[in-house]
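There are 2 protein chains.
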Amino acid sequence: MKSSQFLISTLRDSPSDAVISSHQLMMRSGMIRKLGNGLYSYMPIGLRSLRKVEKIIREELDNAGLLEMKPTVIQPGELWKESGRWNTMGAEMLKPQNRGGQDMVVSPTAEEAFTALIREGLSSYKQLPIIAYQINTKYRDEIRPRYGVMRGREFIMMDAYSFDADQKSLDESYDKCAKAYRRIFKRLGLNTISVKADTGAMGGSGSEEFMVESEVGDDTLILCPKCGYAANVEKATCKPDVAVDKDGNPQKPTDKPYEKIPTPDVKTIDDLAAFLKTNTQSFIKTLIYKVTNSSIDLSKVECCKNLKRVQDGDNFYYPESFVAVCIRGDLDVNEAKLCAKLKASEVELAAEEDVVRITTAPVGFAGPVKMVNAPVICDESVSTMHDAVTGGLEKDVHFIHVEPGRDFTPFMTADVRVVVPGDKCPECGETFYSKKGNELGHIFKLGDKYTKSMHVTYLDQSGKPVTPIMGCYGIGVDRTLASIIEGHHDDSGIIWTMSTAPFQVAIVPIKYDGVMKEACDKLYDELTSKGIEVLLDDRNERPGVKFADADLIGYPVRVVIGDKNLPNVEVKLRSEKDASLIPLEEAGAKIVSIVNEELARLNG
Amino acid sequence: MKSSQFLISTLRDSPSDAVISSHQLMMRSGMIRKLGNGLYSYMPIGLRSLRKVEKIIREELDNAGLLEMKPTVIQPGELWKESGRWNTMGAEMLKPQNRGGQDMVVSPTAEEAFTALIREGLSSYKQLPIIAYQINTKYRDEIRPRYGVMRGREFIMMDAYSFDADQKSLDESYDKCAKAYRRIFKRLGLNTISVKADTGAMGGSGSEEFMVESEVGDDTLILCPKCGYAANVEKATCKPDVAVDKDGNPQKPTDKPYEKIPTPDVKTIDDLAAFLKTNTQSFIKTLIYKVTNSSIDLSKVECCKNLKRVQDGDNFYYPESFVAVCIRGDLDVNEAKLCAKLKASEVELAAEEDVVRITTAPVGFAGPVKMVNAPVICDESVSTMHDAVTGGLEKDVHFIHVEPGRDFTPFMTADVRVVVPGDKCPECGETFYSKKGNELGHIFKLGDKYTKSMHVTYLDQSGKPVTPIMGCYGIGVDRTLASIIEGHHDDSGIIWTMSTAPFQVAIVPIKYDGVMKEACDKLYDELTSKGIEVLLDDRNERPGVKFADADLIGYPVRVVIGDKNLPNVEVKLRSEKDASLIPLEEAGAKIVSIVNEELARLNG
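Going down the list, the sequences are from chains Y and R. Under my numbering, the first residue of the first sequence carries the number 1, and numbering increases by one thereafter. Under my numbering, the first residue of the second sequence carries the number 1, and numbering increases by one thereafter.
Hint data in this document are derived by calculation from the structure and do not stem from the laboratory. Mixed in with the good hints there might be a few duds.
Same chains, same names: a pair is fine if it fits in one copy or spans any two.
Computed cross-link-like contacts, BS3-like style, restricted to lysine-lysine with a CA-CA straight-line distance of at most 30 angstroms [unchecked claim]:
#, residue 1, residue 2
1, Lys-126, Lys-370
2, Lys-246, Lys-267
3, Lys-343, Lys-267
4, Lys-577, Lys-511
5, Lys-34, Lys-55
6, Lys-290, Lys-95
7, Lys-252, Lys-577
8, Lys-370, Lys-300
9, Lys-126, Lys-34
Model the full structure from these sequences, guided by the hints.
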């Protein structure tokens with residue numbers, strides 16, 4: 001391709017809303033242009049790299065035996081009502097109505113569509129397993145889209161769904177995808193961190209996230225330096241530790257009854273620890289949370305007996321409920337874990353008026369003792385606490401000598417703490433450290449969540465109808481592309497991996513004229529005839545401008561052809577500092593071997 | 001690919017809503033499944049053929065120098081407000097609001113998006129021409145989706161947009177696309193009819209539709225057997241003919257003043273002709289139309305002076321207006337032509353109450369004489385009429401001896417008649433015939449409609465800002481695929497063209513076992529190693545079932561391997577009746593040459 005016939009337009013400066021390298025470089029190199037908030041369009045040069053990422057994903061999935069399909073992007077809301085997610089997906093789902101007033105969905109994911117499509121033709125166990133995938137447009141109405149295509153509203157996702165007869169088969173399908181993912185990321189030149197996690201409320205029995213380290217990562221990873229444990233902080237657990245008193249000894253039970261004490265003008269737990277001359281671990285911190293769409297059964301909780309409960313097919317949920325969450329004073333509540341434990345779509349700290357109503361006191365005096373207006377959820381850290389301090393459900397009042405189990409009984413005890421660096425690995429006991437990361441891919445054993453609610457069955461060998469179980473598998477294509485740039489760039493621009501470069505080689509003449517033009521054309525023809533993708537910069541620009549553009553766009557190999565050097569040409573790898581002079585006659589063969597050896601290394 | 005590892009599930013019967021062959025066969029062969037009304041998903045076998053159509057389109061456009069991009073599918077409504085189409089696109093455009101309450105559009109077409117994206121980087125004439133395209137998801141909220149993917153709501157469209165400095169350059173871009181289109185349809189094995197048409201209200205100066213003949217075509221084509229004139233009936237014009245009297249002589253002017261006559265119980269024009277002992281050509285038929293979003297200037301029409309008029313950027317339009325359309329009694333009004341002439345988004349016959357209000361009479365007595373409540377639009381056929389009969393704007397009253405020009409003055413005279421077989425070609429005077437057809441592609445000189453309203457400029461050689469002009473070019477990918485089936489099938493199923501078959505060859509063993517299995521595997525390996533796409537039917541089904549599926553799905557070449565024939569195998573082309581026995585040893589080479597020769601013929 002010649003520059004004059006291609007649409008390249010680079011920018012000297014990146015737009016002010018681009019704060020991360022990949023966003024800045026994709027805008028500056030002209031790969032993408034912004035069409036709206038969170039809506040990025042790929043220009044020809046950007047699309048070339050995007051398609052290469054897609055192609056590698058497709059090849060590896062096809063090799064693994066997955067089958068590509070193409071459901072529609074616009075889907076009937078009916079399907080989401082069947083699965084029960086119509087109400088629980090939240091505001092990220094764009095739900096237009098069609099001209100007949102029917103609810104539609106702009107697909108944010110496609111469990112429902114694949115389940116419905118596979119359901120239609122499924123009759124016998126002989127047809128299973130099926131693993132089908134698509135690489136297609138998705139839309140999520142992110143509240144704050146940012147980082148360019150890293151967290152846009154519209155994006156391309158590869159999403160795959162497996163349908164298996166039994167757990168063993170699901171395990172095999174899952175392993176197939178895991179293996180394909182490792183090959184995909186290797187070929188793309190990405191080092192991923194594998195984060196295995198319990199999948200909580202989703203009802204699955206296994207999951208693995210493929211993360212890349214990134215300073216601007218959306219996710220915080222909790223990592224063990226010894227056994228390789230890696231978890232998203234949203235889901236990380238740690239080895240339970242025993243609550244200690246101010247001297248560092250395990251807390252001891254007390255026989256004293258709990259007692260009211262006045263605590264005027266004491267605002268924080270640290271203040272309270274100083275006031276009572278104790279440590280923060282002696283406090284049971286109590287937080288009131290508003291819970292949306294919880295589907296745990298609260299019917300036995302006195303204060304929840306009249307709570308609005310919605311039946312939705314086989315499922316039910318409480319559109320709104322409140323809980324009092326207790327945790328040791330030095331710890332924080334992990335809302336993602338809490339949300340999962342409550343099988344809810346969202347949890348958030350309750351508004352002041354709700355706190356006042358539930359605790360019968362101003363904010364700051366919540367506690368589990370005598371709590372009658374909300375079920376008490378205890379973090380596991382409370383289990384080893386004794387002789388504790390809690391809020392007194394009254395202004396300027398706390399209780400001391402509180403014994404969990406004696407003075408209050410939690411409705412549920414669960415692990416809802418935020419794990420931090422310094423906590424211990426639950427597997428080997430080593431001390432955790434932490435890194436920021438971005439999730440590129442996810443594999444997930446779903447179980448029968450969708451096949452059950454959407455009534456999918458097959459006939460087993462004995463002719464009995466059985467519900468198949470599913471796995472789901474996703475890769476964010478755009479953010480994978482952006483992550484390659486995040487991991488491969490310098491101050492001058494992108495340093496493409498050979499497998500994802502828009503063009504593998506740039507030929508840059510000092511001037512596209514006379515003998516230089518002849519040399520350029522000769523090398524261009526030689527390389528393209530060997531299947532190498534070459535961009536020939538035939539523009540009438542100063543050499544400095546062309547060099548800067550080549551560095552910014554980041555072609556892996558750059559060949560400079562100048563009349564001073566001829567019959568030698570200068571060959572330079574984008575990833576290296578120094579160039580070498582090679583006779584034009586030998587340049588073609590040399591470059592072909594550079595490109596193919598690097599591709600072989602990535603594909604190997 | 002082996003059947004057991006592929007998701008094929010054929011149906012004996014087609015669903016009752018499938019009334020055309022391609023829809024029936026796509027459903028029965030398992031290419032597509034329905035996800036909702038007008039929403040069809042491609043299953044693995046269908047997607048293979050769809051991708052082949054896309055690939056051929058992509059290759060030919062790339063060869064022609066077009067550049068692929070990928071705008072988002074969800075687009076900001078702002079862009080459509082800029083171009084002025086937000087209000088005029090009608091109910092086919094799905095317009096969800098995002099969580100911030102901003103208007104969004106699910107792209108039904110992408111003039112606005114491409115114009116905005118190209119605008120951003122355009123500065124100099126040196127960058128022009130640019131022809132960019134996408135192959136991407138579109139959505140149109142069809143009021144009555146039908147015929148499967150032929151007229152679905154969601155579909156894949158290739159849409160290209162050219163940006164040129166001047167008319168000469170636009171002509172070149174247009175010709176480039178026209179040439180690429182001809183190659184595309186040839187390679188796909190489709191015979192297209194080229195329909196050139198004046199583009200009316202769209203403001204363009206040239207267009208060409210690529211149609212395929214189809215009994216269930218949406219379009220009626222008016223064709224000249226002599227000079228090749230071909231036009232969509234929506235736009236077809238004919239050689240004007242002179243209005244004649246009942247003796248077949250040109251109508252003669254009359255000096256008599258027009259005169260009221262009673263016409264009780266006369267319901268139709270034929271009744272009236274009998275009653276007045278004259279011919280239908282002597283009547284001026286007058287129809288009241290409701291017009292939506294007309295942008296012709298009605299400010300000089302007395303009854304329209306207070307009509308609501310909306311200013312929208314540089315444009316204006318009347319959200320609702322009414323016109324009285326006059327046409328010779330034996331002709332019909334072509335609403336598409338009328339709509340174009342009125343620069344409107346829609347025209348429809350006025351409701352009874354509006355007719356009564358405008359004509360001050362019951363339905364059936366409209367006429368142009370003394371018409372004061374709506375502007376009179378005359379078809380050109382009225383121009384040669386004399387001594388005519390019209391409605392009297394009063395119950396059971398007509399006027400006779402009406403002289404157009406003397407007794408009424410039209411606001412506008414335009415060609416709005418329906419052209420029918422038997423009318424004469426405007427080019428050569430030959431008699432027209434007619435066919436049904438489906439539009440697969442369209443190329444269109446747009447002019448500056450979008451670049452002007454969206455303020456796109458480039459600097460010309462003298463540094464002066466100039467508005468570029470555009471062309472737009474579309475191919476409906478799904479309906480192209482369906483049209484291949486419409487044109488290539490028999491009672492047993494699809495007969496794929498070699499370039500679009502999901503697999504080029506099916507190997508069908510009588511039983512996949514023993515020596516037959518060995519022979520199958522050997523031939524499969526030989527063919528796939530030569531790049532042939534083979535489906536090996538390894539299912540444990542009766543031979544009859546496998547043969548019927550192979551015929552239904554329509555693989556171009558079928559090889560039957562049975563122990564009775566071995567070491568010979570039976571090779572049969574789907575398009576031919578008879579099979580031939582060939583030694584297994586020779587079958588591979590023979591089939592490779594069949595496939596490659598046919599591909600070469602299509603690509604040649």
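To see whether the hints hold, each was checked on the structure:
1. Lys-126 with Lys-370: neither (59 angstroms within a copy, 79 angstroms between copies)
2. Lys-246 with Lys-267: within (20 angstroms within a copy, 104 angstroms between copies)
3. Lys-343 with Lys-267: Answer is neither: 33 angstroms inside a copy and 71 angstroms across each miss the 30 angstroms cutoff.
4. Lys-577 with Lys-511: Close inside one copy (23 angstroms), not across copies (63 angstroms); limit 30 angstroms.
5. Lys-34 with Lys-55: Result: close both inside a copy and across copies, 24 angstroms intra and 27 angstroms inter.
6. Lys-290 with Lys-95: within (25 angstroms within a copy, 33 angstroms between copies)
7. Lys-252 with Lys-577: For Lys-252 and Lys-577, the Cα distance exceeds 30 angstroms both inside one copy (65 angstroms) and across copies (92 angstroms).
8. Lys-370 with Lys-300: Classified as within: same-chain Cα gap 17 angstroms, cross-chain 82 angstroms, threshold 30 angstroms.
9. Lys-126 with Lys-34: between (48 angstroms within a copy, 23 angstroms between copies)
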